[in-house]
Amino acid sequence: MKRRLFLKGIGGAALAAPFLSSLNRPAHGQEAMDPRRLVIFYTQNGCLTNRWFPTVEDGAITPDALAGTTLAGLSSVADKLLFPRGLALYPAYFRGQDVDPHDQAMGSKLTCAPIAADGDRWAQSHSLDHEIAQLINPGTKSPLVVTPGSSFTNVKGIVSYAAANEPYAPVSSPKTVYSALTGLFQDGAPTEADYRVARGQSIIDLVSDDLNSFKNLNMSSADHQKIDDWLELLFETEQQIIPAACNEDTAGTLLGVNQDSVDAATGSFGSELEFQLNTTGDMMMKLIALTMMCDANRSIILQMPGFVKYNFLNNQQAADYDHHGLSHRNGSAAVGGTCVSGVLDAIAAIDDYLAARYVSLVTLLNQIQEGDRTLLDNSAVMWLPELADGNAHNTNNLPIVIAGSAGGYLKTGASVNVSGGNLGTGNSEASCAGGSDVGFNTGSNGGMVPLNKLYVTLMNAVGCKNTDGSEITSFGVVDTEDLGAGITDPGELSALRATV
Amino acid sequence: MDAKARAIVVSCLLTAGCGADVGTDSPGAGDGQGATSGSGAASGVGGTGVGAGAGVGGTVGSGSASGTGSVPGVDPEVCVPGVPGTSQLPRLTGRQYDNTIRDLLDLDADPAPSSMLAPDTLGSVDQRAWDGYQLAAAEIAATVIADAELKAKVVTCEPTGDGADCARTIITDFGRRAFRRPLLEPEVERFMKLHAARASITENDTFDELAQLIVEGFLVSPTFIMLAERAEAPEGNLFVLDDYEVATRLSYLLWASMPDETLFAAAGAGELSTAEQILAQATRMLADDKARETVADFHAEYMHFDVGTRWTDISRDPAIFPDFDPAVVPLFKQEILTLVDHVVFTQGGTFQDLMTTPTGFVNATLAPLYGLNPADYTSPDLVEVNLTDARPGLLTRAGFLTSHALYNRTSPILRGAFIQKEVLCTEIAAPPPGVEGTPLPMDASLTTNRARVDAQTSGGDCVQCHHRYINPTGFPLESFDAVGKFQTAEHDTGASLDTTSTVYMGTDQPEVAVTGPTDMMASIAASPAAQRCYAQKWVKFAYNRQVNSYDSCTVNQLSEKLTAGGYTVQNLITDLTQTQSFRYRALETEVAP
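For the record, the sequence lines run as chains A and E. Numbered by this note's numbering, the letters in the first sequence go through residues 353 to 852 in order. Numbered by this note's numbering, the letters in the second sequence go through residues 16 to 608 in order.
It is worth saying that the hints were derived from the structure and are not from the lab. Here the structure is a predicted model, which means the values were calculated and not measured. Check before you lean on any hint, since a few could be wrong.
Claimed, not checked - Chain E is nowhere near these chain A residues, computed Cβ spacing over 10 Å in every case: (1) Gly420; (2) Phe537; (3) Leu665; (4) Leu696; (5) Asp704; (6) Gly765; (7) Thr819; (8) Thr840.
As the list claims (entries may be wrong) - Quick list of in silico lysine-lysine cross-link-like pairs, PhoX-like style, CA-CA up to 25 Å: (9) A/Lys763 / A/Lys817; (10) E/Lys208 / E/Lys166; (11) A/Lys661 / E/Lys348; (12) A/Lys567 / E/Lys208; (13) E/Lys500 / E/Lys348; (14) E/Lys576 / E/Lys555.
Unchecked claim - Derived DEER-like restraints, expressed as beta-carbon distance ranges: (15) E/Gly581 / A/Gly787: 55 to 61 Å; (16) A/Leu586 / E/His482: 57 to 63 Å; (17) A/Asn818 / E/Leu294: 55 to 61 Å; (18) A/Glu626 / E/Thr508: 39 to 45 Å; (19) A/Glu781 / E/Ser473: 31 to 37 Å; (20) E/Ser473 / A/Asn666: 40 to 46 Å; (21) E/Pro201 / A/Leu586: 16 to 22 Å; (22) A/Phe792 / E/Thr515: 34 to 40 Å; (23) A/Glu588 / E/Gly581: 55 to 61 Å; (24) E/Ala302 / A/Gly694: 52 to 58 Å; (25) A/Ala616 / E/Gln349: 27 to 33 Å; (26) A/Glu626 / E/Ala284: 52 to 58 Å; (27) A/Ser693 / E/Pro373: 39 to 45 Å.
Quick reminder that beta carbons are idealized off the backbone N, C-alpha and C, glycines included.
All chains should be modelled from the sequences, with the hints used to inform the complete structure.
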């Protein structure tokens with residue numbers, strides 16, 4: 353099967369890219385299948401859950417089920433959506449640890465591990481994106497973690513962890529992402545005579561020689577490991593096999609990505625937020641698509657900032673108070689107190705904006721054909737929130753949506769209540785509707801199935817296997833409030849599978 | 016003493032504190048994780064420096080670590096003489112990278128080159144970091160060779176014949192500065208391969224293309240990216256650094272950058288082997304403007320100026336503070352750093368001076384906050400003024416008072432917690448869950464913010480930490496409102512303010528009764544706990560690692576000198592180059608991953 357990439361034009365006509373032949377897939381075995389990927393769109397500070405969820409809790413998702421909700425913009429791809437309902441984070445604030453609700457939700461969200469109670473409060477294990485990158489990435493064993501604009505590098509801004517106490521901060525410069533991809537570009541039929549190939553090899557030789565000069569030194573094993581890891585990185589770069597579609601022409605034709613457009617979308621420190629989120633953000637999405645086309649990474653996170661003032665949304669409160677303060681309803685880092693006037697509308701405006709960003713990402717990936725499907729179809733593009741409701745700081749009954757089936761593995765056009773019972777959509781508007789004081793009743797009841805099980809499902813969906821070739825059955829350190837109990841409920845959520 | 020310090024911490028932890036606005040629930044809340052978040056340091060201390068072990072209530076005074084990871088010497092309170100084992104391959108931090116590029120190539124790029132690099136991390140170089148180094152190297156090399164003036168600093172010879180001699184000259188001269196030591200012969204030959212292959216690895220086979228490739232090759236070399244220490248001359252269990260390695264330690268400590276030619280010359284002449292020789296260089300280097308930047312960087316960290324801290328996204332109720340404009344925050348920071356520079360370099364002052372100086376720096380924007388007439392300050396530049404004893408030191412400046420206040424009122428909790436935790440290094444635990452929402456009581460009988468905060472924190476477990484450590488330290492600063500202006504009455508009730516208090520000043524020290532900010536700052540200046548805390552933060556900053564029990568001995572020595580008085584900040588900085596661990600290294604302790 354040939355891997356083909358082209359962009360659907362307006363009106364449905366497909367614009368074929370000029371390189372449909374000569375696909376360089378690896379020769380080992382049955383690699384005919386197009387790659388599967390997990391993309392996580394990550395947002396902070398929760399949302400108005402009662403406006404966010406579709407009107408169907410367990411059943412088919414149609415445009416009707418999205419009408420009037422925050423996600424109405426996804427109507428055109430309703431048949432490609434999956435809402436896994438009834439999931440909760442462990443450990444969570446009040447459920448296993450009591451350090452800080454944001455630190456906990458950030459640190460534990462993708463690690464399913466405790467965070468350090470003291471010091472920097474880093475998570476105590478690696479995160480899902482790293483696990484997946486290790487298991488299925490063709491080249492680098494690290495995920496691609498990006499953010500538009502600047503990000504915190506403390507526990508409140510980190511969701512990805514390479515290992516315990518090793519936070520993996522997002523890359524904020526499109527230039528850096530693009531530069532790594534241009535290194536992979538296939539220029540027509542490169543020959544050994546092409547000076548750029550020889551030049552790249554000369555540089556790699558210089559670096560390897562330098563690294564090898566350290567090998568005989570009397571160093572700690574940790575230092576030796578650093579040298580070995582760097583050498584391994586050079587080796588991986590040389591070994592990677594690049595799809596023919598990964599080249600400068602395609603990037604320009606299909607995505608409008610070239611050095612000039614990347615430079616223009618790269619802000620400097622202190623750029624306006626609107627520029628960062630829209631211009632830089634658009635470019636990051638295109639670079640995510642290009643990363644997929646180059647098969648440079650199969651584990652990707654696009655992280656939206658949490659502590660910013662949305663001063664471009666035509667909403668005065670959203671401009672006056674930062675997102676975090678608004679999520680508390682009182683405009684500040686404290687909780688309780690008096691509602692900011694119009695706070696629910698301000699939060700709704702931000703929710704709508706973030707939803708529109710997710711729609712942009714999903715739409716872009718759905719426009720690019722890959723084989724018989726689209727990049728979206730071959731991926732699971734999950735909107736994962738830090739919190740459910742930002743005032744309650746709760747992480748049960750989480751609002752999560754996945755677009756794309758990861759190559760047909762996941763059920764689509766459906767909301768699946770994996771928890772049973774009636775979940776509801778939370779009580780985000782239980783206070784502040786008419787001014788007054790902030791109440792603490794804005795969370796949800798129920799929906800306590802461990803998030804770990806969704807992650808296991810996603811790992812299997814994108815093709816992760818245990819070393820013996822068997823399916824993945826567990827992820828994370830704990831899946832209950834009991835930090836000493838380990839994983840008590842292994843296995844995936846079969847109800848989310850298309851084939852069941 | 017150490018045992019007793021522990022006991023205090025434990026009692027506060029077990030009963031835990033609370034408080035509505037000492038929020039752990041905020042960006043970089045008052046307990047410091049915001050400013051110093053771990054990605055700052057490149058010089059590794061191995062896997063577990065990260066505080067996990069500096070254990071609370073652990074094996075008191077045993078000198079070995081409690082908590083996780085039984086690494087010898089992670090307890091920053093217990094002095095164990097010796098040299099800490101550290102990585103000998105620390106990578107340049109983003110800040111060091113920028114400064115090094117500036118000094119190596121005379122290139123002051125905007126945005127800074129480090130904007131192309133991955134965030135600072137410890138551990139191995141990963142794909143993201145490697146991509147960043149390659150991009151930065153390529154862009155910088157292209158920029159330099161495309162600019163005749165910049166190129167002339169690198170290409171110092173006229174290529175003749177096949178250009179081999181000039182290539183060798185560039186490799187030898189530029190290479191020495193890039194690698195911060197003379198190149199070994201195999202290293203020269205390694206780069207000469209670029210010359211040999213020139214025709215096949217460049218588009219047009221020009222000498223400029225080769226020069227660009229040489230520069231790029233050096234910038235992408237691990238030996239440039241890492242501050243590698245390779246000397247293996249043993250002395251007991253330790254290795255003696257060679258003179259070039261000492262020069263590098265000196266320059267990155269004092270300048271966060273590469274050595275200058277004077278240092279290279281001293282290293283080449285073998286004149287960096289004794290403490291006296293090192294001190295002479297350190298003293299010389301401290302007079303350079305690059306050292307002023309380092310001192311400013313330290314105090315920016317000391318005050319928690321970083322992105323994502325209390326200094327980020329400050330807003331004030333326009334109904335109460337109609338003149339407050341968040342755009343003033345950078346000026347607040349500049350004001351404090353100008354003052355620091357003045358005290359440290361112009362006055363040759365001490366830590367005590369930093370805490371008590373009445374000198375201020377204002378312009379028309381800041382003047383009204385200090386009760387001065389803006390019409391008297393026509394220049395936008397900050398000018399020196401005497402603010403009198405009512406405004407002693409850094410912690411009574413508008414920036415600190417504003418950043419550590421709330422939307423519509425002061426916060427004795429934020430101010431008090433910062434001073435206790437960051438200035439006195441008192442360990443205070445995070446509040447227990449749920450209490451952050453404790454509302455501020457607004458009963459008519461409570462006519463001041465002080466009374467309301469006291470009532471707010473008087474319930475249950477809150478009292479332990481708040482009523483002894485946190486609130487009493489914040490109350491004297493009630494003299495200053497939420498934008499840092501002097502006030503004598505509560506804004507909403509008109510009730511007069513009470514700024515008297517009894518302030519905790521560390522273990523083994525009597526609590527101090529004060530009548531207001533002037534008293535309190537004098538007490539902090541004289542407090543051995545605050546002095547030790549300041550010294551400890553300098554050691555952490557200078558050595559780029561979490562302070563461990565080996566460093567603790569250094570901290571103790573510096574603290575004793577601070578307490579004795581007359582010990583200038585400049586003395587303290589140069590003394591950081593006089594320790595045994597500055598001239599020797601030990602193999603990094605093996606730590607389970």
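Hints, one by one, checked against the model:
1. Gly420: Given a closest Cβ separation of 32 Å, the condition holds.
2. Phe537: holds (14 Å)
3. Leu665: Answer for A/Leu665: holds, closest chain E Cβ roughly 16 Å.
4. Leu696: holds (19 Å)
5. Asp704: holds (22 Å)
6. Gly765: holds (36 Å)
7. Thr819: At roughly 19 Å from the nearest Cβ of chain E, A/Thr819 sits farther out than 10 Å, so the non-interface label holds.
8. Thr840: For A/Thr840, whose nearest Cβ neighbour in chain E is about 23 Å away, the distance exceeds 10 Å, so it holds.
9. A/Lys763 / A/Lys817: Holds: A/Lys763 and A/Lys817 sit about 20 Å apart, inside 25 Å.
10. E/Lys208 / E/Lys166: Holds - the C-alpha atoms of E/Lys166 and E/Lys208 are around 21 Å apart, at most 25 Å.
11. A/Lys661 / E/Lys348: Satisfied, since the Cα-Cα distance of roughly 21 Å is no more than 25 Å.
12. A/Lys567 / E/Lys208: Judged against 25 Å, a Cα distance of about 22 Å means the pair holds.
13. E/Lys500 / E/Lys348: With Cα atoms ~16 Å apart, E/Lys500 and E/Lys348 stay inside 25 Å; holds.
14. E/Lys576 / E/Lys555: Measuring from Cα to Cα gives roughly 18 Å; hence the hint holds.
15. E/Gly581 / A/Gly787: 55 to 61 Å: holds (59 Å)
16. A/Leu586 / E/His482: 57 to 63 Å: holds (60 Å)
17. A/Asn818 / E/Leu294: 55 to 61 Å: holds (59 Å)
18. A/Glu626 / E/Thr508: 39 to 45 Å: With a Cβ separation near 42 Å, A/Glu626 and E/Thr508 satisfy 39 to 45 Å, so the hint holds.
19. A/Glu781 / E/Ser473: 31 to 37 Å: The hint (31 to 37 Å, Cβ to Cβ) holds, given that A/Glu781 and E/Ser473 are roughly 34 Å apart.
20. E/Ser473 / A/Asn666: 40 to 46 Å: Because 44 Å falls inside the window, the suggested range holds.
21. E/Pro201 / A/Leu586: 16 to 22 Å: holds (19 Å)
22. A/Phe792 / E/Thr515: 34 to 40 Å: holds (36 Å)
23. A/Glu588 / E/Gly581: 55 to 61 Å: Holds - the Cβ-Cβ distance for A/Glu588 and E/Gly581, about 58 Å, lies within 55 to 61 Å.
24. E/Ala302 / A/Gly694: 52 to 58 Å: holds (57 Å)
25. A/Ala616 / E/Gln349: 27 to 33 Å: holds (31 Å)
26. A/Glu626 / E/Ala284: 52 to 58 Å: Given about 57 Å between the Cβ atoms, the range holds.
27. A/Ser693 / E/Pro373: 39 to 45 Å: holds (43 Å)
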